[in-house]
Structure formats: C-alpha cells, structure tokens
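All chains, please: the whole structure from these sequences, using the hints.
Taken in sequence, the protein lines are chains A and B.
Numbered according to my numbering, the first sequence spans residues 218 to 513.
Numbered according to my numbering, the second sequence spans residues 238 to 739.
Think of the hints as simulated: they come from the structure by calculation, not from any bench.
Quick reminder that beta carbons are idealized off the backbone N, C-alpha and C, glycines included.
DEER-style ranges, computed between Cβ atoms: (1) B:K350 x A:L351: 33 to 41 Å; (2) A:V309 x B:A345: 36 to 44 Å; (3) B:S376 x A:W347: 51 to 59 Å; (4) B:K289 x A:A328: 42 to 50 Å; (5) A:I507 x B:A614: 33 to 41 Å; (6) A:T312 x B:A338: 35 to 43 Å; (7) B:P630 x A:Q510: 23 to 31 Å.
Chain B regions said to be covered by chain A (calculated; three or more residues, Cβ under 8 Å): (8) 295–309; (9) 325–332; (10) 341–351.
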Amino acid sequence: MAEIFTISLIWSTIRLTTPLILAALGGMFSERSGVINIALEGMMLAGAFTAAAVTYAVGSPFVGLLAGMGAGMVIAAIHAVACIRYRADQVVTGTAINILMIGVPGFLSGAFFLSSGSTPQIPREQLIPWTPILIAFVSVPITWYVLYKTPFGLRLRSVGENPEAADAAGLPVTRMRYAGVLLSGILAGIGGAYLSIGQSSLFTRNMTSGRGFIALAALIFGKWRPVQTMLACLLFGLTEAVTIQMQGVVKLPSGEDIPVQFIHMVPYLLTIIVLAGFIGSSRPPKALGIPYQKER
Amino acid sequence: MLELRNITKRFGAVLANDKVSIVVEPGTIHAIVGENGAGKSTAMRIAYGFYKADEGDILVEGQVHNIKAPHDAIALGIGMVHQHFMLVDTMTVAENIVLGAEPGSAIALDLAKASVEIRRLSEEFKLAVNPSAVIEHLSVGQQQRVELMKALYRHARLLILDEPTAVLAPQEVEEFFSILRRMREQGKTVVIITHKLTEVLAISDEVTVMRDGRVVGRLQTRETNAAELARLMVGREVLLRVEKTPAKIGSSKLRVRNLSVTSRAGAKPVQDVTFDVRNGEILGIAGVEGNGQTELMEALAGLLSPSQLSGEIRIEDRDITREGARLRRELGIAHIPEDRHRRGLLLEFDLAENSILGVHYRPPIVAYASTFFDHEAIHKRASEIIEGFDVRPANPDLPARALSGGNQQKLIIGREFKVDPKLLLVSQPTRGVDIGAIEFIHRKLVDLRDSGCAVLLVSAELEEVTSLSDRLLIIHQGRIVGEVDPKVATIEEIGLLMTRGH
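And the structure:
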C-alpha cells in the first residue's frame with residue numbers, strides 16, 4: 218500500500234482533478250441559472266480538440282487555450298439557444314450535443330490532419346501543464362465570490378430558483394440564463410483544453426471518457442456550492458489517481474493481477490455510489506430544468 | 238395616480254379585459270372586486286408590465302407611458318405584491334428585497350447598506366422583518382411583509398396588492414390593514430384586488446367592480462354596501478347569509494376517541510382529540526390553518542398509515558382506525574379535500590374520468606364480467622353531476638385543468654354527493670370559489686345535512702364555519718380547545734381561542 222500513497226499521488230490527484238473542477242464550476246454557472254448542463258462532456262471535447270488543433274497549427278498553446286474556450290462557448294451557445302430560446306428539453310439537448318461531439322472532432326481531424334480522430338503530436342515546449350491547474354484552483358474562490366458577493370451572482374441564483382420572482386423584480390431572466398450557460402462553456406472548454414494540451418500532447422478520440430459526467434456528479438454531490446464541489450472533484454480525482462497507481466501493484470489473493478478494466482471501473486462505480494447515497498440530501502436549484510415562459 | 242384607459246387584452250379566444258377603464262386617485266386605497274376570471278388581476282398585471290395590452294393606454298400621474306416590462310413599472314414608482322409571492326425561498330430577506338436594485342457596485346454587493354435601509358423602512362412603516370432570515374423559514378404573514386418591503390425599497394408610490402388576505406389568519410388581516418392605512422397616511426396609493434366584500438368595506442376609499450372582463454361599477458365605499466357590490470359582481474341578487482332551519486339531530490355517526498397523529502417527521506400535529514359527529518348536524522372545526530386540521534381530516538378519510546394513528550375512530554360501532562380509504566368509502570364516508578389539485582382531481586384527466594374516482598372499481602362503472610369500463614355509464618354519471626352541480630363548461634370530455642377553481646370544486650362536491658354519503662368530511666369547501674358558487678355550495682351542504690347526513694366541516698373562513706355549523710369546535714396546536722355555540726359566540730371569542738388556545 219505504501220507504494221500507492223506517495224507524493225506523486227498528490228500531484229497525480231491535482232492533475233486529474235483540474236479538468237473536473239473546471240467543468241464542474243462551469244456546470245455550476247449553468248445550473249444555478251436553471252439550465253441543466255448534461256452537455257459538459259461535449260463542451261470539454263470541443264475544447265480539447267480545438268485547443269490541440271489550434272496549438273498545432275499556430276504553435277502557441279495560449280492561443281490554443283483561447284480557441285478551446287471559444288469552442289466550448291460555441292457549443293454552449295447551441296445548448297443555450299435550444300434550451301432558452303426554443304425551450305427544448307434540456308436533458309435531450311445535452312445528450313444530443315454529447316453524441317454530436319463524439320463525431321465532430323473525428324470528422325474534422327480527418328479533414329485537416331488525414332487522421333481518424335486524433336490530432337498530430339504537439340511538441341513538449343508548446344504544452345501548458347500548469348496554467349489550467351492554476352486557473353482551476355483560483356476559479357473556486359472567484360466563483361464563490363461571484364455567486365454570493367456580487368449582484369450578478371444574486372441575480373443568477375434568483376433566476377435558477379424562481380424566475381417569476383426575478384422577472385417581477387425587473388430582471389432579464391433569459392439574458393441571465395444565457396450568461397450562465399455561456400460561462401459554463403468557457404470553463405468546460407478550458408477543462409477540455411487541459412486534457413489535450415496540458416496533460417497529454419494531442420487530442421485523441423473521446424479523450425474526456427466521461428469526465429464531463431463525473432464533473433456533473435461532483436456538482437450534485439457538492440450541492441451546487443463551489444467549495445464543496447471542489448472537494449467532491451478532489452475525491453473523484455484522488456480515486457482516479459489511486460486506481461492508476463494500483464495497476465499492477467494490487468493483486469488478487471491468488472497472486473494474479475486484477476484485470477486493468479476492473480480497476481478502471483472504480484471512479485465510475487464511486488460516482489454511482491455517491492450519487493445514489495447522497496443525491497437525496499442535495500437540493501438542486503428549484504427551477505432547474507424548467508424553461509421560463511413569460512405569459513404574454 | 239394611475240389610470241387605465243380602454244384596456245383590452247385577449248388570451249387566445251378569451252377576452253380577459255374588454256375596454257377596461259380604471260382611475261385610481263392618489264393617496265387612496267382603491268379596491269378592485271370581481272369574481273374569479275373577471276379580469277381584475279389581468280388589468281393590474283398589465284399596469285405592472287407583466288402582460289402587454291392589445292389596446293388602450295396606461296397613464297401614470299396624467300402621462301401616457303409605455304410599460305413593456307415590470308422594470309418600466311418599477312421605474313415609474315409602481316410596486317406589485319402578487320397572490321403567489323414572488324420570493325426566492327432559499328435566499329435571505331435582504332437578498333430578496335434588493336434583488337434587481339442592488340446597493341454597492343457591480344463587483345461588490347453591499348448587503349450591510351441594504352440592511353440599514355431595510356431597518357429604516359421597518360421603523361417607518363412598522364413592518365417587522367429580520368433582514369438576515371431565510372424566506373423559507375418565515376410564516377406567510379412575514380413573507381408578505383417582505384413583499385411589501387420589496388416595493389417600498391424601490392420607492393414605490395403605488396402598491397398593487399393581488400388578493401393579499403387570502404393567506405392570512407383573521408388576526409393577521411387586521412394587522413395587515415393597519416399597515417395599509419399607515420402607508421396611506423405616508424402618502425402612498427394602494428390598489429387592493431380582492432373578492433371578499435367585508436374587506437372592501439373595511440379598508441377601501443373607492444371601489445371598482447369588474448365582471449366578465451368589464452368594469453361594471455365605480456363607487457365610493459362609504460356610499461355602498463355588501464349586497465350592492467355582490468349584485469354588481471355576480472349580475473343578480475345573491476344571498477350572503479346561509480339560510481337554514483334548526484338541525485334535526487340523530488344518533489352519533491362518527492366517534493373519535495383520543496385520536497393522535499404522528500407525522501413522518503415525528504411531530505404530533507393532532508393530539509388526543511375526542512368528539513362525535515351526529516346524523517343530521519354540521520359539526521364545524523375552526524382554527525388557524527396548520528393547527529392539525531389537515532392531518533385530522535386525512536386520518537378520518539383513511540389517507541394516513543395506521544402506524545401514524547393512536548386512539549380510535551368508529552363509524553357507529555365499527556372500529557375503522559386501521560382500515561383503508563376504500564373500506565371507509567364503502568361504509569358511506571365521502572371526502573372533499575382541502576387541496577383539490579393534490580387530493581381531489583387528476584388535472585390531466587377529463588371530467589368523466591374524474592367523476593368516477595372512488596367508485597371506479599365497482600358496478601355500474603365496471604361492467605362486462607367486472608373487467609371493463611362501461612363508458613356509457615361513466616358518461617351518464619358525469620353528465621348527472623355536471624348538470625346537478627352546474628359545472629361549467631358542461632363538457633365531460635374536457636380535462637379538469639381547463640375548469641376554473643370554482644367549477645373544479647363543484648365537480649368534486651358533485652362526485653362526493655353522488656355516492657349518497659352517510660358521513661361527509663369536507664375541508665375548505667369554498668376556497669378560491671366565487672360568491673355565486675359559494676352560495677350554491679353552502680345550500681347543498683345544508684340540504685345534505687337536512688337529509689340526515691352527518692357533516693364534519695373544516696374551514697379557515699370564520700364566517701363560513703360559524704354560519705354553516707350547528708356546533709363548533711376550535712382547534713389549536715392539534716388539540717380541541719373548546720366548543721362554542723356558533724349562534725351566540727362572537728368572532729372575537731372564537732378568534733381568541735383560535736390564536737391563543739384559551
């Protein structure tokens with residue numbers, strides 16, 4: 218066991234938590250405004266692919282990062298227009314976006330790089346392993362401040378809890394919701410960009426592998442509050458880090474290795490257990506998932 | 238102060254406001270009365286920018302203004318307190334009050350400054366509110382004060398109040414009225430939308446009466462009376478008092494002995510309650526809402542788990558404490574629940590389907606080898622109820638949702654009367670029901686009593702429960718704290734028992 222709990226485990230945890238925090242905080246802005254954001258996964262994929270492709274083409278990871286944010290925002294805009302303007306079902310729209318974003322990067326990489334789903338390798342000196350980590354952990358107190366200490370945050374929360382009340386108070390409900398969803402795209406985009414140009418050095422097909430959903434679970438587990446959500450993300454990040462270290466180390470009583478596929482299941486199992494056990498005590502924003510329609 | 242000029246508003250095919258003109262003089266309390274659906278709220282929501290009028294002008298202090306959204310109305314000094322409060326439950330009083338008009342800069346909310354201003358307004362208008370309390374922990378009366386503060390904080394000079402007393406206990410209403418009078422003294426103008434005539438006469442200076450989307454009268458309050466207002470509202474003479482002969486009381490039908498209810502959360506909403514209801518009488522239970530009436534009625538109707546009950550419920554000699562709702566119904570118990578949307582109707586189902594609830598499993602509804610519905614029988618039953626209880630529109634294929642509250646209530650009452658009950662449990666029979674329909678429902682209840690049925694009546698309306706009941710029990714914090722003769726007891730006497738328990 219001592220082989221598992223080392224300093225490198227801490228670093229590994231931080232690296233694995235970073236994309237979760239970014240996506241979960243993004244989800245927080247969207248869901249606090251009343252729009253379910255199951256599309257975090259798709260927004261991360263858009264961010265990851267675009268950041269890698271642009272960094273490869275331009276040679277600057279910061280331009281790549283900005284492009285990743287932009288891509289996340291574009292996907293968020295699709296979600297926002299469908300959910301807010303056209304009052305589509307938010308879960309269905311989000312699911313559609315996720316499915317779409319499994320296909321689109323593959324298609325574009327085929328067109329640009331003649332590959333089947335991945336971008337070319339990016340040289341080591343063009344990666345940004347630290348900036349997104351910094352952004353993620355600094356975003357937690359900033360998000361807290363914005364939500365609870367600024368008029369914008371008060372308005373955003375009111376729109377997610379009781380849009381009629383916000384409307385009666387003279388607030389532009391739909392504009393607040395657009396702001397929430399677009400912010401979620403930007404943050405999820407950074408989270409995705411970190412995967413491709415921070416943690417690794419290229420985009421590979423479906424490289425988020427469910428992190429958007431785990432972030433969503435962390436958001437629920439963290440009761441839609443910034444600090445608790447960060448702690449939930451750290452828990453999921455730690456679990457993933459431990460499972461990586463466990464590979465080849467922890468053995469069955471018979472002395473055989475545990476098949477790696479089983480070890481990979483652990484973070485997802487934990488997600489299910491946590492949600493099944495704690496979701497009841499977590500209270501979502503009251504108007505979450507309900508489109509707002511003004512009577513006219 | 239405010240003038241609506243020839244306002245017309247359609248919702249689809251429905252003409253909600255037809256050339257409505259209302260003039261509200263500054264510094265007065267102006268009542269707008271009318272039955273449900275008369276267009277009172279629509280007209281005021283237009284003034285507040287919630288709806289947009291199809292035609293007509295809104296004048297504020299003599300100037301025509303284009304009010305497109307609440308935002309514009311607020312800027313003109315108009316505040317509105319809606320029937321369903323527009324508060325964010327999870328946020329604090331101060332946060333709710335400042336929402337949309339936050340003090341401080343865009344990057345820093347200054348709630349301390351807001352609290353100072355809120356305290357100052359509290360002082361000025363004698364509105365006690367704690368700025369740091371969370372809304373969901375407040376009583377409805379306190380929440381209403383927060384709503385008033387919201388408008389005052391925005392420097393509203395005209396306050397529009399939509400059915401403000403519907404949620405208040407009698408004592409709270411008095412206190413609320415004194416707040417309104419204080420506002421008038423401070424130079425504010427108040428518009429109060431209501432359908433309670435006693436309140437119109439008690440509080441207003443002027444009154445506008447609406448019916449079917451039109452203004453049918455504008456009167457000085459001191460020159461009118463309840464009978465005249467009722468006639469204008471309904472369009473015909475209305476009997477405001479219940480007329481009944483002395484009760485011909487028979488033997489005990491329902492015997493409740495030491496009944497206590499434990500809620501799932503472990504509270505004891507009903508404690509050690511004992512009483513009888515006899516054939517041919519209406520036994521009333523008066524009390525401020527939330528004092529155990531709901532749980533008591535649910536316990537009697539068989540809607541609670543037997544494990545939550547202790548004590549004894551008997552129909553004549555049969556102990557039914559542990560029996561379920563179906564057997565109780567078969568013994569002749571009918572139940573008109575207080576919340577018609579939660580317990581009374583399936584809103585998405587049509588009237589025919591709703592009219593068979595409770596008898597849906599037995600002939601003649603079920604025929605053909607006791608397996609299939611007899612649709613002819615269902616429609617016949619529905620039509621009889623619709624006709625007998627004047628449910629409008631009289632179309633058994635409409636979903637229950639399409640009916641007004643009063644007509645939904647008439648359907649439920651008709652359904653429960655249809656089973657020839659031996660004991661009727663009825664809660665809040667006329668909540669949200671128009672005065673024309675109230676008169677009808679009251680007469681039906683008295684008729685049922687005269688036919689020998691035992692009736693147990695719970696109502697938050699003191700007027701109603703005192704005028705209908707032959708005997709009256711008062712409930713306070715889950716206990717029966719007294720029995721009075723409704724013919725001789727005064728409202729003050731009953732009110733004291735309701736609020737203090739002695």
